[in-house]
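Residue numbers (the numbering used here), protein chains in the order written: chain Y, 1 to 310; chain D, 1 to 448; chain S, 1 to 284.
Take the hints with a grain of salt, since some may be wrong.
Covered stretches of chain Y (chain S as the covering partner; in silico rule of three or more C-beta atoms under 8 Å from a C-beta of chain S) [as the list claims (entries may be wrong)]:
id, region
1, 66 to 76
2, 107 to 118
3, 141 to 148
4, 161 to 169
5, 266 to 274
By construction, these hints were calculated from the structure, which means they are not laboratory data.
For every residue, glycine included, the Cβ atom is placed at its ideal position computed from N, Cα and C.
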Amino acid sequence: MSSHGSVADVVPAARVRPARRGLRVRLRSRSAIGIFMCLPLIGLIGGLVVYPFFYSIYLSMLNKRETAFVGLANFHYLLSQDTFWMVLRFSFIFTFLAVLWKAILGFTLALVIHTLPTRGQRIWRGLSLIPWVMPLALSSLGWWWIYEPTHSALNWILVLVGVSPKPWLSDPYWAKFSVILVNIWYGTPFFMITYLAGLKSIPQELFESAAIDGAGPAQRLRFIMLPMLKNIIAITMLFSTIVTLATFDIVRVLTRGGPRQSTHLFGTYAFELGIATGDVPLGAAVSLFMFPILAVSAFFILRGIRESTA
Amino acid sequence: MTVQTRRNFLRATAAGAAAASVVGFPQVARAQTKLTFGLWDHWVPGANDVLKGIVMEWGKSNRVDIGIDFITSIGNKLDLTAAAEYRAGSGHDIITLGTWNPTLYKDKLEPVSDVADTLIKQYGKFQENATYLNFQDGRWVTLPAPIGSHTYPLETRMDYWKQHAGIDVQALFPPDVKKRDKKKIEAWDWKMFLAGAKKVHAAGFPIGCSIAENTDSNDWLGPLFASHGVFPIDEKGNITIESDATLQVIEYLKELTKYMPKDIYGWDDASNNRWLISGKGSAIFNPPSAWTVAKRDQPAVAAQVWHHDAPRGPKARFRGALPFSWGIWKWSKNKQAAKDLLLYLSTKDVQWKLITASQGYDYPALPAFFTHPIWAEIEPPRGGQYNYPVRGDEKLIVAGWPAKQEYGVQIYYKWLLPTMVGKVTSGGTAPKEAVKWAAKELEGYKSR
Amino acid sequence: MSRTKRSRRNVTLLVCYGLIALFMIFFLFPPYWMAITSFKTNQEIEGLKGIPFFIQEGATLRHYRDLFAKTDFLIYFQNSVMVTIPVVLLSMVISVLAAYSLSRLGFAGAGVIGTAVFLVYLVPDSLLFIPLFKIVGWLGLLNSKWVLVLVYPAAIVPFCTWLLIGYFASIPKELDEAALVDGANHSQMLLRIFLPVAVPGLIAATIFAFTVSWSGFLIPLAFLFSSDQQVLTTGTVTSLIKGDVYHWGGLMAGALLACLPPVLLYVFLMDYYISGLTAGSTKG
Numbered sequence: 001m002s003s004h005g006s007v008a009d010v011v012p013a014a015r016v017r018p019a020r021r022g023l024r025v026r027l028r029s030r031s032a033i034g035i036f037m038c039l040p041l042i043g044l045i046g047g048l049v050v051y052p053f054f055y056s057i058y059l060s061m062l063n064k065r066e067t068a069f070v071g072l073a074n075f076h077y078l079l080s081q082d083t084f085w086m087v088l089r090f091s092f093i094f095t096f097l098a099v100l101w102k103a104i105l106g107f108t109l110a111l112v113i114h115t116l117p118t119r120g121q122r123i124w125r126g127l128s129l130i131p132w133v134m135p136l137a138l139s140s141l142g143w144w145w146i147y148e149p150t151h152s153a154l155n156w157i158l159v160l161v162g163v164s165p166k167p168w169l170s171d172p173y174w175a176k177f178s179v180i181l182v183n184i185w186y187g188t189p190f191f192m193i194t195y196l197a198g199l200k201s202i203p204q205e206l207f208e209s210a211a212i213d214g215a216g217p218a219q220r221l222r223f224i225m226l227p228m229l230k231n232i233i234a235i236t237m238l239f240s241t242i243v244t245l246a247t248f249d250i251v252r253v254l255t256r257g258g259p260r261q262s263t264h265l266f267g268t269y270a271f272e273l274g275i276a277t278g279d280v281p282l283g284a285a286v287s288l289f290m291f292p293i294l295a296v297s298a299f300f301i302l303r304g305i306r307e308s309t310a
Numbered sequence: 001m002t003v004q005t006r007r008n009f010l011r012a013t014a015a016g017a018a019a020a021s022v023v024g025f026p027q028v029a030r031a032q033t034k035l036t037f038g039l040w041d042h043w044v045p046g047a048n049d050v051l052k053g054i055v056m057e058w059g060k061s062n063r064v065d066i067g068i069d070f071i072t073s074i075g076n077k078l079d080l081t082a083a084a085e086y087r088a089g090s091g092h093d094i095i096t097l098g099t100w101n102p103t104l105y106k107d108k109l110e111p112v113s114d115v116a117d118t119l120i121k122q123y124g125k126f127q128e129n130a131t132y133l134n135f136q137d138g139r140w141v142t143l144p145a146p147i148g149s150h151t152y153p154l155e156t157r158m159d160y161w162k163q164h165a166g167i168d169v170q171a172l173f174p175p176d177v178k179k180r181d182k183k184k185i186e187a188w189d190w191k192m193f194l195a196g197a198k199k200v201h202a203a204g205f206p207i208g209c210s211i212a213e214n215t216d217s218n219d220w221l222g223p224l225f226a227s228h229g230v231f232p233i234d235e236k237g238n239i240t241i242e243s244d245a246t247l248q249v250i251e252y253l254k255e256l257t258k259y260m261p262k263d264i265y266g267w268d269d270a271s272n273n274r275w276l277i278s279g280k281g282s283a284i285f286n287p288p289s290a291w292t293v294a295k296r297d298q299p300a301v302a303a304q305v306w307h308h309d310a311p312r313g314p315k316a317r318f319r320g321a322l323p324f325s326w327g328i329w330k331w332s333k334n335k336q337a338a339k340d341l342l343l344y345l346s347t348k349d350v351q352w353k354l355i356t357a358s359q360g361y362d363y364p365a366l367p368a369f370f371t372h373p374i375w376a377e378i379e380p381p382r383g384g385q386y387n388y389p390v391r392g393d394e395k396l397i398v399a400g401w402p403a404k405q406e407y408g409v410q411i412y413y414k415w416l417l418p419t420m421v422g423k424v425t426s427g428g429t430a431p432k433e434a435v436k437w438a439a440k441e442l443e444g445y446k447s448r
Numbered sequence: 001m002s003r004t005k006r007s008r009r010n011v012t013l014l015v016c017y018g019l020i021a022l023f024m025i026f027f028l029f030p031p032y033w034m035a036i037t038s039f040k041t042n043q044e045i046e047g048l049k050g051i052p053f054f055i056q057e058g059a060t061l062r063h064y065r066d067l068f069a070k071t072d073f074l075i076y077f078q079n080s081v082m083v084t085i086p087v088v089l090l091s092m093v094i095s096v097l098a099a100y101s102l103s104r105l106g107f108a109g110a111g112v113i114g115t116a117v118f119l120v121y122l123v124p125d126s127l128l129f130i131p132l133f134k135i136v137g138w139l140g141l142l143n144s145k146w147v148l149v150l151v152y153p154a155a156i157v158p159f160c161t162w163l164l165i166g167y168f169a170s171i172p173k174e175l176d177e178a179a180l181v182d183g184a185n186h187s188q189m190l191l192r193i194f195l196p197v198a199v200p201g202l203i204a205a206t207i208f209a210f211t212v213s214w215s216g217f218l219i220p221l222a223f224l225f226s227s228d229q230q231v232l233t234t235g236t237v238t239s240l241i242k243g244d245v246y247h248w249g250g251l252m253a254g255a256l257l258a259c260l261p262p263v264l265l266y267v268f269l270m271d272y273y274i275s276g277l278t279a280g281s282t283k284g
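Make a model of the complete structure from these sequences and hints.
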C-alpha cells in the first residue's frame, strides 16, 4: 500500500519520518494506534464490568444452591412475591419523586444565584455543593442521627413549634419521605451547578431584547430560559434517573429497607437476598430487573445527546 | 487439657523429626505452619487484645505463625467476608461465621466433628440451639464459638418496675439459683409482663421491644411465639403458622404495643440500647451490652439494671439467642493446626480468661461453663448479670427453629415474624390477613 | 436605574436571599449537626435533656483525640490517600488515551466502543460485587486495598472518557491537520494541543475520579476485611460501631474529618470544575 517511488520502498519503515509516508499508510497506523490507545479501557471494562455482568446473568438463572440451571424461574418467582412488587413500586416512586424535586429545586436555586450580583455568587455556589461533596455513606450517618427517634433534632424543633414528632424511620410513609429527602439533599447541588452553568451560557442579548419587548420575569423564564436549557434539563434528569435508581448507601444506612420492606430499592433488596439469606441467584435476578429501565433511559439520553449536538 | 498436651507433644515430635531430617538452615527446617484467623471484632474494650494475646501465645508454643483479623458484624461485614471468601475460594483458614452462615456455606467448610466430640466428651453436650445451627447433615460443619455468641434476657430497670409495677425482679431472680422461688417464677408469664408494662408506661417509662428489620426483633418475637407453641415451619417441613395460637399471640401484641413507643417499627439493633441508657426505657430484651455502655456513661442507670429470665408462655419458656460459629474452610492448608487451635480456645482455662475479658457478654455454648464467677460478681448492681446464663427453665431459640436450616435462614433474614406482627400492630391489617400473608411467604421460602 | 426599577430589584434580591437562606439551612444543617455532635460529651449525646443545637455541657475534643489515639483512623486516612492517588492517575491516563482515540483516531469499531463505554456506566455496583469476588479472589487481591485501584477505575473511566470526548470533539480538526503537516506524531498532538485546551474538562474529570474513589463504600466494604487495609469511609463506620454500641461522638468526628479533603479540594478547584461542566455532561 505504499505509494510508488517513495523513500519508504527503500528505507526501512521504522526510520522514516511520519511526514514522508503516504496518506493511506498513515491512516492504517492511525487505526492501530487508536485501538492500542483504547486497549486499557477495553481491558478494564471488559474484565471488571462486562464479564461480571454476563456472569451475573448466568448466576440469575441458577437455582439457590447454584447446582442447576433454571432459566427464568427466578424472575418468575420474584414476580409472584408481594415483597418484590413493593420493591418495584417504591423504586419507581423514589426515582421519579427524587429526580423531579432535584430538578425543580436545583433549577430554582440556580435561578436565584444567577440573579445575584456576580461577585456575590461564588460563595453560595460553593456552600451549595457541600452535600454532594461529602461521602454519601457518611452523610447518611449524619442524617440517621438527625432522624434517630430518641435523639432526633428534627423532632425537637417540631415539638418546639407545637407539631407532633414524626416517626421518620419507623412508619412506612415517613420512612419513604426520609430517604427521598436525603437523596434530594445529596443530588440537588449537582442539578443546581449544571443549570447555573447553562443559564450563564444563554447570550445576554436575548434577555436584553426581551426586556425591550416588555417581557416580565415569568415570560423570560418561559420563553427564553426553559427552551434554551431544554436539552440540558432533559439530559440531567435522564442521567440522574440512572444514578438514582441505583441508590444503595442511603437506604442501607437509614432504614436497611424497612420498615416492613417498604423502603427497599433494587440494590438494597438484592444485597439483602444475596448476602443475608445467601440466595445469590435471586439477588442477581433482582439487580437485573433494573436493566430494561436503564437501557430505555440510556436510549433516550443517547438520542437526546445526538440531537443536541447535531 | 490432656488431649491438648498429647497433641502438642505429637506435633512437636513430628516437627522435630522433620527438622532433623533436613540439612541446611535451621529456620527453614523448622517448617513453620501458618494460620490466618478471622475473628469477630468484639465491642467490649480490651476483649480483642486478651484473645489476641492468648492466640499468639498458643501460636508461639506450637510453632504456628498466626495472622489475626478482627472483622466487625456491622453492616453485614462479617457476612460479606464469609460470602467473599466462599466465592473467591480463598481467604482465612478459620473464619467466624454469624448465626446462619454455617447453613449457607457448609459445602465448603471442613467438618469439625472430632473437635466437637472431644469437647462434648469432656464438658457435656452443647446447647440444643448451638447444635441446631452447627450440626447439619450428620456432621459438625462448624464449631459453636464461645466468642460473640449472646442471648436476649430481659434487661430491666428494677427500680421502675418495683416502684410502678410492683414487681421486684431482683427478688424474683436472685443471684443464687438455690434461692429461686419456683412458684413465683412460674407466675412470671406474658400476662404478668403485660400488666407490668402497662403500669410502667403509665408512669412514663415504657418498655421497648423492636418490631422491625433487625435481629433484636426476631430475638424476642421468636421466643414469644414459640412459648405459645407457634413455629412458622416445623421440623417436618409443614407450614404451621396458621393457627389459633398465632392469632392469640398477635392479639396479645396488639395490646402490648400500646405500651411501647411507636418508634419500635424503625429501630435498629442499637436503638433499644439507647432507649434503656437514656433513662427513659424500663425494660428491653438484650444482652448486657446496654448495661456496659450505661456503666461507662450513665452509671446511675446501670446501677439499676437487672438481667433476668423471659416470661413464660402457655407451652414453655423461651429466650432468644444468637450463637456465632467458627469454621475452617476446605481449602485451608493447615486444617489440623486450625482444629487444635479451636479446641484449645474452647477449653475451660482459656474460656475462663475470655469470659472475664468480655465482662460476661460472651455466652458459653457449653453449659458447663456457667459456673464462672463473673456473672455473680460484676457490678453495679452486684449479681445483676447472674441470670444472664440460663439458670431456670428457659430454652434458647433462634427464630426459625426447628425448621430445616435452609428454611430457617429465610424465616430469620426475611424478617417474617416482625413483618407479620408489624402489619397488624402498626399497619392496621387484620390479623387473619397478616397470617395468611405469612403463610404465602413461607410457601415461597420452601420453594427456593 | 430608575427608582421603581431599583426598588423592584431590591425586592427581587430580598426574595433571592430569603430563598438562599432556606436552601443553606437545608444543605448545611446536617454537617452542622454532625460537627456539634462531635464536640459534645458522651453524656450529653446520650442524655435527653435540653437544647440539642448548642453544646451545653462543655465542648470536648475527646472524640477527636480518641479517634487518633484509639482507632486506626490515621491508617484509614493513609489508605484512602494511597488508593486515591493511583486511582485518579490511572483513570485519567486511560480516559485521556481512550477519549483521544475515540474522538480523533476514527477506526472501525470506534462508534461501538463509544456506545459500549456509555452503556457500561449504567451497570451499578450492587450488581457487580458478587461476581467480582471470584475475579478478585483469583487475582489474589481479596482483602488488599489495591483491589480498589483495580475496581474504582472501572467505575470512573466510562464517565471521564465520555466527558473528555466531549472536550476533544470540540477542538477544530484544522488544528490536527496543521500539526500533522508540521510533523507531529500523536503523542505530541495529544500533549501539546489537546490537553492544554481541555484543561477544564480534565480538572472536572479529576475531581469526579477523586470523589468516587474517596467516597466509595460498598466496594471496600465487600472486599476489605483487615483493619489495616480499610479506607476512611468503611473504617470509620466499622471501627466506631461495635456490636450494638455506637460511638456517636467519634463517628461524627470521623465522618467530618473524612469529608474535609474532598471539600477542600473542591473549594480550591471550584471554578475550573464549574466551567468544566459546561461542555461534556452531567451526573447527579
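Here is how each hint holds up against the structure:
no., hint, in the structure
1, 66 to 76, "violated (count 0)"
2, 107 to 118, "holds (count 6)"
3, 141 to 148, "holds (count 5)"
4, 161 to 169, "violated (count 0)"
5, 266 to 274, "holds (count 6)"
Checked against the numbered hints given earlier, the structure breaks hints 1 and 4 and satisfies all the rest.
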